[in-house]
Amino acid sequence: MEPAALTTIILLPFIASVVAAALPSNARNMESTLAGLVALFGAINLAMYYPAIARGDIIEQQFLWLASFGLNLSLRMDGYGWMFGMLVYGIGALVVLYARYYMSPQDPVPRFFAFLLAFMGSMAGVVLSGNIIQIAFFWELTSIFSFLLIGYWHHRKDARRGARMALTVTGAGGLCLFAGMVMLGHIAGSYDLDVVLASGSQIRSHSAYPIVLCLILLGVFTKSAQFPFHFWLPNAMAAPTPVSAYLHSATMVKAGVFLLGRFWPVLSGTELWFWLVSGVGALTLLFAAFVAMFQRDLKGLLAYSTISHLGLITLLFGLNRDLAAVAAVFHIMNHATFKASLFMVVGIVDHETGTRDIRRLSGLRHTMPITFVLALVATAAMAGVPFFNGFLSKEMFFAETTLVHAPTYIQASLPVLAVVFGIFSCIYSLRFAYDVFFGAPADDLPKDPHDPPIWMNVPVGFLVVICFAVGVLPSLTIGGFLAAAATPVVGGDLPYYSLAVWHGINRPLIMSVIALTVGAALFFFVAKFVRGKDYLADYAFTWTLTGQRLFEYLLAYCTHSGRNLLGRLITHRLQWQIFWVLMVTFFVAFTPLWYGGLRLGDHAPQPLSPSFGTIWLVGCVCAIAAAWQAKFHRLAAMILLGVTGLCVVITFTWLSAPDLGLTQLTVEVVTTILLLLGLRWLPQRDKSIRPSTWSIDQNVAQARRARDLIIAMFAGSGIALLAYAMMSRTYTDSSSLFHLQRAYTEGGGANVVNVTLVDFRAFDTFGEIVVLGIVGITIYALLRRFRPARETMDLPMQQRVLPSDLVTDLFNPRQAKDTAIGYLTVPAVLVRLLLPITTLVAAYLFLRGHNEPGGGFAAGLVFSVGLLLQYIISGSQWVEANLTLYPRRWIALGFVCAIVAGMGSLYWGYPFLTSHSRYVTIPYIGDVHLASAMAFDLAVFSVVVGATLLILIALAHQSTRAHRYHARKIEDEAEQKQAAALRARAKAAYAEAARFNVQQHHSRK
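Residues in the sequence shown are numbered consecutively from 1, following full-length UniProt numbering.
Read the hints as simulated data drawn from the structure, not as lab findings. Even for Gly, the Cβ is constructed at its ideal location relative to N, Cα and C. Do not rely on the hints blindly, as some may be mistaken.
Restraint ranges, calculated between C-beta atoms of paired labels, are given here [claimed, not checked]:
(1) Ala21 to Gln411: 49 to 59 Å
(2) Ile899 to Asp443: 56 to 66 Å
(3) Asp972 to Pro446: 52 to 62 Å
(4) Asp444 to Arg784: 48 to 58 Å
(5) Arg568 to Arg784: 27 to 37 Å
(6) Pro105 to Asp444: 24 to 34 Å
With the hints as constraints, model all of the structure from the sequences given.
If you want it as structure tokens, here you go:
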């Protein structure tokens, strides 16, 4: 049986994540089963690759994307990537089983497993990528999904704060990493990982090596919580315990040390590497181990122990020794097993007792005997006790600290630092095991403790067995795996090392004995005094918050400074906003032209015909007139602007560009209609802003207009100059010849413009439709909260002269569902008959677009025009009641079609969005030319229709608000009239009663 392809192994978690998110919230077993099967599938298939990996083979899979830029979708698995992949999927499967029993029935389980699966796929993408830009991409995905997992219980303030802190720190480091990757690929001449790994000497000798190293190390240190970026990891303990177990053992924080090992053959071997990497590692190793001893929360203790062990791994990678790198890989494997099991034990204790506070826990070995045994073995492995896996890798670490080649004071201090670390790790390990499980049983726990369900202990037991088996039989159990994983890191032949349990009495053994003995003695003889002095714990706790406080102060300072800067620069005046946009654009465009010059072509100018010159003259006059009328008469300005657009359409057609002319014509129609609908809701111009007499303000206004005129002339002249420079060149001097020669042979279409958009530059078009969809959704979101000005809302009532009942029908949505009544009946009938015609024209343009003028963009706009007319004549309520339109689904369908079209090309081994065409014989029709680019063109069509309709609906709903406003106004006026009539009637009755009383009084006299 052949193992699955690497693409399947990486993509399956993402697909399962979408499926998990769609499952009902009460399907706990289905959710966990899905996630567990995906993780098992990945682990089993990776295990099937082991024979090839053990032989030293490299499994590669590549899909062409942007081959000319060296950006291909590349997957690569060597022994090092295989080892991390096994950790990701193997421990992931155990975490899923554990989470099934840990998560509460009240928790939104679909969201949890959806995030966990997506995070699993992101981490697998990091370790199995064969392109360094691709590594940076998946790297940032791990930051995003870890943010979602840490903030899973978003109703808690600490979860929101921890998630935000983790995303900020690791995301900022990821940006630095991306910059370093770009520079690294530039130095190596390729972004392919194989090429980069083979360019070690070239990279180390380059002048930009220090910058590249610092940028990459910033990404590594932030992700692996190295000092001074360590503070985010303890705050991430607000995540559910299964997430903490997964992040600390196999994924998130291990991504940083993975990258150290991945680029060790390329970046190591220099003094700068030694001082930066080993220095930060040593500082983190000692600082975090010290702080861990004073933690009161079990997860906090394990969090700082994780930081300390990551510092140990970082220190080993920084020593510039092959054997130290092997020891680092070995400790990565060991740390993953005992740390995952310890976090699961903490989750069990918290789940069964209701607290993680060490001060409240005691004597749990009596009530939780199975958990006690498992915790004892895992804690012994973390402390480095003999016959457990942690002892072996820690002894290799002790040995490497005594063999380092460095200045004398470093050689003397490193072994001492290692022993001190061993003492600290022994103390916090004893505190974890002894204070929680030994002593008298606690009597003030929130719950009555007992062992959890057996399946909750199974993942812990599996990992604990590995810890013991590796510690007793290392060569038999893990020897081959370690050799396969360490060989790619070393980049050559492995140095000699022995995994025997007993090497005789040597310096590493003596250091281990000293660390364990002194640590145990300090714990049992001094721990009582230390535990009784809370101020020592408070002091250590203050140390832990130093980085967090600096981060919070920096964040608050940036926020405050940003608000101040925004207050100084922001303006609600559109004129000033456009002014600064134009000035920045002018500067950005002018700078390269100033230094590089502007080369004009030598193409002979063509004579200007009188008719063509007349069209241009009309267009220029209308453009100037539109600019002049924009301030005084909006409707006139829009009409003039439409004439200018029509002149541009004629120009495109005249210059043998009918496709551009058709597109421009449809764009003019749609944008003119949308702008007119938008202008309808702007307030009227205040004529008082034009003073009748000259003043200082008038002089300032005149100067400002002159300045704007100069800027407009410079901008227009610059665009004209650039256009002339391009048009004066022959087509052989540009990319036109490439497209003309290859449009039909490689793109399968005679319409060069359409082939360019959906094939040669399809990725650019994909980005453009994404932007178009985002713009449509953004405008819709903004206009949902927009409320027209009151004088604009009152305008129809002031200008319409209609019977009162017709006014009520027009403006009361509860009484009139079709506004096409009265004088609008005939246009409504014509417009409704026009809809199938526009649909037919749109289909015609869409189907012919690959070979004739047309395409998805023009077809989408034509179809949108048919729907626009329905809204304008019949009103939004009638359209939405009679036509089922879901614009956001249109946009989503377009994105799906584009992705499917691109992935289809990758599946067949071609670059992303590469199109193919062939003739298909259809009975009774004949040969029909079909192109795979039709699917991508359908995506363009769908996004254009969806975005246009979404903007239109947002504008049309302003009319609905106006209807409701006038309905309320009519009701208020009726109520006021009724109240006035009642008051007048009451007043008359009162006057009549008064007269009657007077008459009675006179009659008695």
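Results of checking the hints against the structure:
Look at Ala21 against Gln411: about 55 Å separates their beta carbons, and that is inside 49 to 59 Å. Look at Ile899 against Asp443: about 59 Å separates their beta carbons, and that is inside 56 to 66 Å. Taking the beta carbon of each, Asp972 and Pro446 are about 58 Å apart, inside 52 to 62 Å as hinted. Checked against the hint of 48 to 58 Å, the C-beta distance between Asp444 and Arg784 comes to roughly 53 Å, which is consistent with it.
A beta carbon spacing of about 30 Å between Arg568 and Arg784 agrees with the range 27 to 37 Å that was offered as a hint. Range check, Pro105 to Asp444: about 27 Å between beta-carbon atoms, so the 24 to 34 Å window is met.
Taken one by one, the earlier hints all hold for this structure without exception.
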